[in-house]
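If you read the sequences in order, they're chains B and R. Numbering-wise (my numbering), the first sequence opens with residue 8 and increments by one. Numbering-wise (my numbering), the second sequence opens with residue 17 and increments by one.
The set of hints was computed from the structure by calculation and includes no laboratory data. Note that CB positions come from ideal geometry on N, CA and C, so glycine has one too. There's no promise every hint is true.
To be verified - Partial selection, computed: residues in chain R whose CB lies under 8 Å from chain B:
| no. | residue |
| --- | --- |
| 1 | N36 |
| 2 | I163 |
| 3 | P460 |
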Amino acid sequence: MSAVTSHGTLGVYDALDSATETIERLRAAGMKRITVFSPLPSHELEHALHAGESPVRMFTLVGGLTGAATGFAFPTWASLDWPLITGGKPIISGPAWVIIAFELTILFGALSTVAGLFINARLPQRRVMQVYDPSFSSDRFGILVMPPAGREAEVRDIMRDNGAAEIREQVQEVKVGDL
Amino acid sequence: MATVIRSETHPDVGAYGEVNKDVLKLLGKPGRSYYILLAIVLVILAIGASAWFVQIVLGIGMSGLINPVGWGAYITTFVFWVGIAHSGTLISAVLYLFRARWRQSIYRASEAMTVFAVMTAGLFPIIHLGRPWIFYYLLPYPNQRMIWPNFRSPLLWDVFAVSTYLTVSATFFLLGMIPDIAAARDGTTVPWRKKLYTVLSFGWRGTANEWRHFSKAYLYLAALATPLVLSVHSVVSWDFAMSIVPGWHTTIFAPYFVAGAIFSGLAMVITIIVPIRKIFNLEAYFTPRHFDAMAKMVLVTGMIVFYAYLTEFFMAWYSFETPERAIFWDRVTGDYWWASWIMLTCNGIIPMLLWSRKVRTNIPALFTITIFVNIGMWFERFVIIVTSLAHEYEPWQWRNYQPSWVEMAIVAGSFAWFAMWFLLFLRVLPAVSIAELKEVLPAPLRRRSRKGVAESHGKIGPAEDR
Numbered sequence: 008m009s010a011v012t013s014h015g016t017l018g019v020y021d022a023l024d025s026a027t028e029t030i031e032r033l034r035a036a037g038m039k040r041i042t043v044f045s046p047l048p049s050h051e052l053e054h055a056l057h058a059g060e061s062p063v064r065m066f067t068l069v070g071g072l073t074g075a076a077t078g079f080a081f082p083t084w085a086s087l088d089w090p091l092i093t094g095g096k097p098i099i100s101g102p103a104w105v106i107i108a109f110e111l112t113i114l115f116g117a118l119s120t121v122a123g124l125f126i127n128a129r130l131p132q133r134r135v136m137q138v139y140d141p142s143f144s145s146d147r148f149g150i151l152v153m154p155p156a157g158r159e160a161e162v163r164d165i166m167r168d169n170g171a172a173e174i175r176e177q178v179q180e181v182k183v184g185d186l
Numbered sequence: 017m018a019t020v021i022r023s024e025t026h027p028d029v030g031a032y033g034e035v036n037k038d039v040l041k042l043l044g045k046p047g048r049s050y051y052i053l054l055a056i057v058l059v060i061l062a063i064g065a066s067a068w069f070v071q072i073v074l075g076i077g078m079s080g081l082i083n084p085v086g087w088g089a090y091i092t093t094f095v096f097w098v099g100i101a102h103s104g105t106l107i108s109a110v111l112y113l114f115r116a117r118w119r120q121s122i123y124r125a126s127e128a129m130t131v132f133a134v135m136t137a138g139l140f141p142i143i144h145l146g147r148p149w150i151f152y153y154l155l156p157y158p159n160q161r162m163i164w165p166n167f168r169s170p171l172l173w174d175v176f177a178v179s180t181y182l183t184v185s186a187t188f189f190l191l192g193m194i195p196d197i198a199a200a201r202d203g204t205t206v207p208w209r210k211k212l213y214t215v216l217s218f219g220w221r222g223t224a225n226e227w228r229h230f231s232k233a234y235l236y237l238a239a240l241a242t243p244l245v246l247s248v249h250s251v252v253s254w255d256f257a258m259s260i261v262p263g264w265h266t267t268i269f270a271p272y273f274v275a276g277a278i279f280s281g282l283a284m285v286i287t288i289i290v291p292i293r294k295i296f297n298l299e300a301y302f303t304p305r306h307f308d309a310m311a312k313m314v315l316v317t318g319m320i321v322f323y324a325y326l327t328e329f330f331m332a333w334y335s336f337e338t339p340e341r342a343i344f345w346d347r348v349t350g351d352y353w354w355a356s357w358i359m360l361t362c363n364g365i366i367p368m369l370l371w372s373r374k375v376r377t378n379i380p381a382l383f384t385i386t387i388f389v390n391i392g393m394w395f396e397r398f399v400i401i402v403t404s405l406a407h408e409y410e411p412w413q414w415r416n417y418q419p420s421w422v423e424m425a426i427v428a429g430s431f432a433w434f435a436m437w438f439l440l441f442l443r444v445l446p447a448v449s450i451a452e453l454k455e456v457l458p459a460p461l462r463r464r465s466r467k468g469v470a471e472s473h474g475k476i477g478p479a480e481d482r
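If we strip away everything but chain B, and leave its shape as in the complex, we get (with noise of 0.2 Å):
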């Protein structure tokens, strides 16, 4: 199997205040492309990384909007498709549209929520995974920066001071099956 080398350095923690402060020196340093990985969602994480919204939002929004319309326009295309009075109700029943409707808003939204999910996060990875330590899914968290170069000195330095537990460089990306 060849394993590609990156060229990136990739920081270990033990500890989440060690780890902000890391990021928060590094975005003074001006480095881009700072990839961190948690155990956990964490609220200062993404504080440190000034993270923005999420767009996710706007995909449950137009999920849930797209099985409103669907759960009224269908039921009333099929009913004049085949107009068949049943318990004397007219053709569109409005008020029995609303049940399928509220459905079909949960439904499409629910479903609509995952794509947005999977687009965003660009999830499913398959291919190569990059740098990645199985102690990042248990108590470790992990920076990893692409330093321009010249500068990798300046990384490690910040990394060091701000209590990194270990340091690697040239890491090898693995593949997911390979974990």
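With chain B fixed as given, assemble chain R onto it according to the hints.
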């Protein structure tokens, strides 16, 4: 060595790494009792499946269904399982939105319960059909003559509600598990598990970007699942309430059914978690505090249900409508008096014991009470369905119904079907949420945090270059 500050909700759970170890231990080699239990469950399932086979071959006459009682044990069990499903979503979605921090350790198991309960419930409308192989007529699919189902029928609303519920709850369940499956993937060396978890974790790495979108997606799914829970059992109740059968035709049905569903579902969560906690030594994760909180919710919903029972009787009397009065009088004194009294005792009176804090934190007592609630809630649906139908309309057509052995075997088989999925789930997927539990544990910090509560633990060694 700095001190480790313990979590308020889970005082006996240690650091992040310990959570992974404890939870993933559940996926290890099972003991003998597990296989014995699984074998018993499979035998009961085989009996149930054979009974269904008999019914398919020989016809619906093998059930005890008889005019005018066209809905019997099957629809009773359908409503029962849909009800059981409700508390899973309640715990995972509603308590998530309310930020109830005690839900973290129990929600995965109750979510699994929801998915498996809907999978069980969904079988019954099909089992109950005379010709189950054409069940797809229910779905609005384009067919040769372009005939569409009747969108004004509550039974079709039910198809939409229950299938949406199955899809959304399964999605919520599997999506919420992605980070934990990734943790399982990183922690296992068994080849088939590695493969399965690699596929199911979708290559999750836990990057800040993934978490950012994941948290939002989870929040919106919870927000969508909450109204869905309320709607599903309301729609199920309209299967009854939209008709003009005395005893069914009341506006109280939707809230009454939703409260009953949550009541029975929470009771079932307790019934299931008590043995799991014992068998897998999860005392640190399912603490008396959790049981206390769930028991309080059982008590509240139980009182709503009891209040609804009394309201029904009162309204029957107050309406001055003879058929309505006759039906309710018949329920408690007629041929099915025993079923009604089981229902009233198990759901109305026994849960009152939960007023005592001692009972709420006494796990064997709580377990016993919840079993009674499960029995009572099955009988509630039986009473609603059978007593009303047996005395439907004109007295000359009244007839009593008794479940046949085929029906009883299929109902027993449904419990086995549910138990089988649950037992397999416990061995294959992480039954306690790893990532969310960490959120209630104090974060590992190098120095005192601003709040001054948590201190660092673990080693912070000197950084070394490689």
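Please write out, lowest number first, the hints stated earlier that are contradicted by the structure. Failing hints: none at all.
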